[in-house]
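Dock chain B against chain A, hints included.
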Amino acid sequence: MITVSHLKKYYQRPVRQEGFLGSVRTLFSTKYETTQAVDDISFHIDEGEVVGYIGPNGAGKSTSIKMLCGILVPTSGDIKVNGLTPHENRMENARQIGAVFGQKTQLWWDVPVIESLRLFRDIYKVSGAQYKHNLELFNDLLDLHEFQNTPVRQLSLGQRMRADMAAALLHNPRLLFLDEPMIGVDVVVKERLRTFIQQINHERKVTVLLTTHDMIDIEKVCSRIMIIDHGRIVYDGNADQMRNQYGKQRTLVVEFEEHVPDFETPHAKIVKSEGRKKWFAFNRFETSPSSLIAHISTSYPILDLAVEEPEIEAIVRTIYQGTAEVA
Amino acid sequence: MDSLRLYFKLIRIAFQARMQYRADFFTGIIGVITLNVVNLGLIGILVSRFNNLNGWTLWEMVFLYCLWILGHSIYSLFFWHIRALEDYLIQGTFDQFLLRPANPFILFIGREVQYLGLADATFGIAGFVLAYTNLGLHWDWVKWVFFGLAIVSGTLLETTINLLVACVAFWTGRSRRVGGLIMQLNSMIQHYPMDIFGTTFRVVVTGLIPVAFMNYYPALMLLDKTDRLGGWGWLSYMSPIVAILMVYLSARLWNFALQRYSSSGG
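Quick mapping for you: the protein sequence lines, in order, are chains A and B. When we follow my numbering, the leftmost residue of the first sequence carries the number 1, and every step to the right adds one. When we follow my numbering, the leftmost residue of the second sequence carries the number 328, and every step to the right adds one.
Just so you know, the hints here were simulated from the structure itself, not pulled from any lab data. Be aware that one or more of the hints could be misleading.
Listed below are the simulated DSS-like cross-link pairs for lysine-lysine, each with C-alpha atoms no more than 25 angstroms apart in a straight line [as the list claims (entries may be wrong)]:
| no. | chain 1 | residue 1 | chain 2 | residue 2 |
| --- | --- | --- | --- | --- |
| 1 | A | K132 | B | K336 |
| 2 | A | K125 | B | K336 |
| 3 | A | K104 | B | K336 |
Excised from the complex, chain A in its bound form (with noise of 0.2 angstroms):
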């Protein structure tokens, strides 16, 4: 559906210079610094797949999107999007994808919602049936019939997001991409767009891409996770993989049956003590639990015991700050 090869966009900009003589020099200024919003990466999406788009602001996600999206032309490398390279036929792919940017609306802000709908009709010459059955779904699964008739600045901002969301999908796109869909929308609203985008995806067989700082997306509604910094792909794979490549650490927590004074345990350290609980965080493949477990129990009595596995958002961090090393 989505193949990327060796795509790069540097920009480069001119270096700007103050006030309004700085600004008439900048025009015809020579000096400029380049920068590698995205240094070539690949990858392939098939169809139907739900791909976690992550990784730290600047590092190169929403120029990929606007790539795919033909409103950027790439420096050099190949894009097909369903066939169709997207700055060569921008009309065309855009008939075919739809996208959601959470920060900005792609709505009239002056006017109810349904007006901006109706225009997206005819901009995408959506047949009348089409778009009948479309609302009629986005009510069910959306709740649009209750804020359809509101101009879009008096919406809050989960039911701006969810009309949005419905102007994406009006001509039936065969793919979608999420541009931080969920940015300061409250949890059940969250869980609304979730339950809404697996539903696309499984009964249309929708692809989405879906960039978020939210784990909780990812691991609910992603089936595969890219992620990206400084302008290269760091991981591609899918979650389970990754905590088993990238998570090796895992936490042992213990209840003593009184309070125990902090001790050594080899392969182990304690994190954190808490009344009579101690967290022991160890690499799962210099020791198991069983046998830590068996270690600290000669020493002192256990009340209750749980194995902590690493939280993805955890995982995430230190593949942002390069220090995990692949075990």
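Here is chain B on its own, set in the frame of chain A:
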């Protein structure tokens, strides 16, 4: 044709959006009419002191002013927000126009309307009728057709000049300062016949930033004053041609700017 249909649908929504703020609508209209009356009043005072201004009578100057206002009214109704282009670029909201299967210029230009143009139009028509009567004009159809062409040319000239300036923002991020300078020239032209100014000024507003073609040159033709130009009388017929040339130029620059936008990311 598709583009035109889409444009009207966009404009309908834009009007609807504007009507959301009714108080703003009415105060705006009243404001613009007052502004125009004051402007004309000032010219009236000036002319009544000297009886005429460099061979222009009061009603001829009203005519000149209203010819400008009529072209300007259509511009300000439909194309005013070209000046806001830089805001779309800076805020990154320009992307929305490239995201749809439709002409980005139509999507941009249909985004807003500025109802103040309605006030300009009302004022312009009233002023024109008064001037026409008081000057005792009896136009044949050729002049009426040329009058229509002159108004449309005026609109196109103001639109394209603003578009050319606005496109500078694709390179610099901002362009309003340059625009302000040009509008200064524009407002001098709207109030006074160009021939009271020196040669340098005339060359600038004719050849460089052709605002004189919005009202001065066509007014000479319509008021049978082309002899004032001596051997340059043909200039008074040139407004439509200059307008077409400017449309061509600004379309080229717009397309070039779009290319630059998508290769640089704005």
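Going through the hints against the structure:
1. A:K132 / B:K336: holds, 20 angstroms
2. A:K125 / B:K336: holds, 13 angstroms
3. A:K104 / B:K336: Between K104 (chain A) and K336 (chain B) the Cα gap is close to 22 angstroms, so the pair holds against 25 angstroms.
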